[in-house]
Structure formats: structure tokens, C-alpha cells
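Taken in sequence, the protein lines are chains A and B.
All residue numbers for the first sequence refer to our numbering, where the first residue is 1025 and numbers rise by one.
All residue numbers for the second sequence refer to our numbering, where the first residue is -19 and numbers rise by one.
If you are wondering where the hints come from, they were derived from the structure by calculation, not from laboratory data.
One should not assume that every hint holds.
[To be verified] Pairs of lysine-lysine, DSS-like flavour, derived with a Cα cap of 30 Å: (1) B:7 <-> B:24; (2) B:24 <-> A:1029; (3) B:24 <-> A:1080; (4) A:1029 <-> A:1080; (5) B:42 <-> B:31; (6) A:1078 <-> A:1092; (7) A:1095 <-> B:31; (8) B:31 <-> B:7; (9) B:31 <-> B:51; (10) A:1095 <-> A:1078; (11) A:1029 <-> A:1078; (12) A:1095 <-> A:1080; (13) B:24 <-> A:1078; (14) B:7 <-> A:1092; (15) B:24 <-> B:42; (16) B:51 <-> A:1029; (17) A:1029 <-> A:1092; (18) A:1092 <-> A:1080.
So the chains spell out like this:
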Amino acid sequence: DQQVKQNSPSLSVQEGRISILNCDYTNSMFDYFLWYKKYPAEGPTFLISISSIKDKNEDGRFTVFLNKSAKHLSLHIVPSQPGDSAVYFCAGRETSGSRLTFGEGTQLTVNP
Amino acid sequence: NAGVMQNPRHLVRRRGQEARLRCSPMKGHSHVYWYRQLPEEGLKFMVYLQKENIIDESGMPKERFSAEFPKEGPSILRIQQVVRGDSAAYFCASSPTSANTGELFFGEGSRLTVL
């Protein structure tokens, strides 16, 4: 049962343009959604989160949008930089517990 | 280094041997989570522990896998009689007593290779 799904395995954008990473979920019990970034041979690092009662959260170049009716969230990175090249994981946290359920990840490549 | 510490970073075992992976959470964190990432896949939850207690082990395989988080010392993920399918990156994460926004802090992972 894939509760969190990232349908695009990879995304390639030009430096300076916007990167949009998408995520769909099925579990209505998620109360927080998080995005993590992961470089090869390293652990995931937290990027940004959003509460299920909000529809937008912004932190510098990163903005996360949540559409609860569509059970969809997206991460916008603008402007994109080559250092943003990494795998991005979307995750949801259930109100009943602390564990996170992750999507499969999207490999973002930002070309100079 | 105040981050989550995992060791060993790389571990090679032959089929049938045992693998022990250790995790020291961030200072002040009492909640530990283990995740597994198989090649070309996402992070899969395995187990959630607090000191001396297993809170949620719904992601743990029923056989050969066990985890503990003793009162003193690191959390241990133990895999007995390893098979090739156990080859993966195992990530430990920690959170403080109340992870209000759900944020977990991850270690750099232990990469297990089973020959």
C-alpha cells in the first residue's frame, strides 16, 4: 500500500529556473508533510514542512504547497541552483504516531 | 559532532552471518527510528523505539531482525543469518521527546553488503 507516491523518478531543470517536485498521498490521517533532500552516500536532511491545516509554507527559495482536496503537495525551488541537485523525498506523518512514511523520491538535476 | 551517529558506515557480511548496526541519537533525543533503503527504492520504516521500549515495529520483518534501545548505550539493529536481499542502506533517525512538526534527524546510514 503506497500511501505516499512521487510519480516522477527524475526531473532536470536549468539553473535559475523553477523546479517543481510533486507528491500524492492517500492517507487522510497525515497531519504534517515534510520534504527531505538526500545526497549520495549521505543521510536525508530536512528541508521544509507543512501542517495539514495550511496550504502554503515558504522558506527562502523553497515553498511547499498543499492541496488537501486533491491529496497533493508540491515543492517549488526558485531559482534552482546546481547545488540543489539531489534526491528529494516527500513524507507524511500520521497524527497517531511519530513515524514518517516516505515516497520513492525524485532525482533533481539542475544544469548550469 | 552533535548529530546522529551511525556505525559502521559500511559492513560486508557473508550469507548466514550476523550484522549489527549501531545508532547514537542526537543529544537530548530519546526517540529512535530505523529505516531501510533498498537499491533504487525509497526509505521504508522498520521500527520506532524509545529508551528500553519498542513503540512500533510494524515495519520489521518477522524473522531474523531485532532492535533494541537500552537504557545506556546506542540503539542496535541486529540482523541474523543475513541473506543477499538484506543488502541495503540502513538509516537511523532521532527526535526529541516531542517532535511537534514531525521532523526527524537522520544519520549518514550504514551500508550493508551481503556476499
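Each hint, compared with the structure:
1. Straight-line distance between C-alpha atoms of residue 7 (chain B) and residue 24 (chain B) comes to about 25 Å, which keeps the hinted pair within the 30 Å bound.
2. Annotation: proposed proximity of residue 24 (chain B) to residue 1029 (chain A) holds, straight-line Cα distance about 13 Å (limit 30 Å).
3. With a C-alpha separation of about 27 Å, the suggested pair residue 24 (chain B) and residue 1080 (chain A) falls inside the 30 Å cut-off, and the hint holds.
4. A threshold of 30 Å between alpha carbons decides the hint, and for residue 1029 (chain A) with residue 1080 (chain A) the separation of about 20 Å falls inside it, so the pair holds.
5. This hinted pair checks out: residue 42 (chain B) and residue 31 (chain B) have alpha carbons roughly 22 Å apart, not beyond 30 Å.
6. Note on residue 1078 (chain A) and residue 1092 (chain A): the hinted pairing holds, with a Cα-Cα distance of about 9 Å set against a maximum of 30 Å.
7. Between the alpha carbons of residue 1095 (chain A) and residue 31 (chain B) the distance comes to roughly 35 Å, so the proposed pair goes past 30 Å and is violated.
8. Taken as a hint, the residue 31 (chain B) and residue 7 (chain B) pair is honoured in the structure, with Cα atoms around 13 Å apart against an allowance of 30 Å.
9. In summary, the hint linking residue 31 (chain B) to residue 51 (chain B) is supported, as the alpha carbons are separated by about 6 Å, within the 30 Å threshold.
10. Between the alpha carbons of residue 1095 (chain A) and residue 1078 (chain A) the distance comes to roughly 13 Å, so the proposed pair stays at or under 30 Å and holds.
11. The suggested pairing of residue 1029 (chain A) with residue 1078 (chain A) holds, with an alpha-carbon distance near 20 Å, which does not exceed 30 Å.
12. For the proposed pair residue 1095 (chain A) and residue 1080 (chain A), the alpha carbon gap of about 14 Å is at most 30 Å, so the pair holds.
13. Between residue 24 (chain B) and residue 1078 (chain A) the alpha-carbon distance is near 27 Å, which keeps this suggested pair within the 30 Å criterion.
14. This hinted pair does not check out: residue 7 (chain B) and residue 1092 (chain A) have alpha carbons roughly 36 Å apart, beyond 30 Å.
15. A distance of roughly 15 Å separates the Cα atoms of residue 24 (chain B) and residue 42 (chain B); the hinted pair therefore holds under the 30 Å criterion.
16. The straight-line distance between the Cα atoms of residue 51 (chain B) and residue 1029 (chain A) is roughly 37 Å, outside the 30 Å bound, and the hint therefore fails.
17. Between residue 1029 (chain A) and residue 1092 (chain A), the direct Cα distance comes to roughly 15 Å. Compliance with the 30 Å bound is thereby established for this hinted pair.
18. At most 30 Å may separate the alpha-carbon atoms for a hinted pair to count; residue 1092 (chain A) and residue 1080 (chain A) meet this at roughly 11 Å.
Checked against the numbered hints given earlier, the structure breaks hints 7, 14 and 16 and satisfies all the rest.
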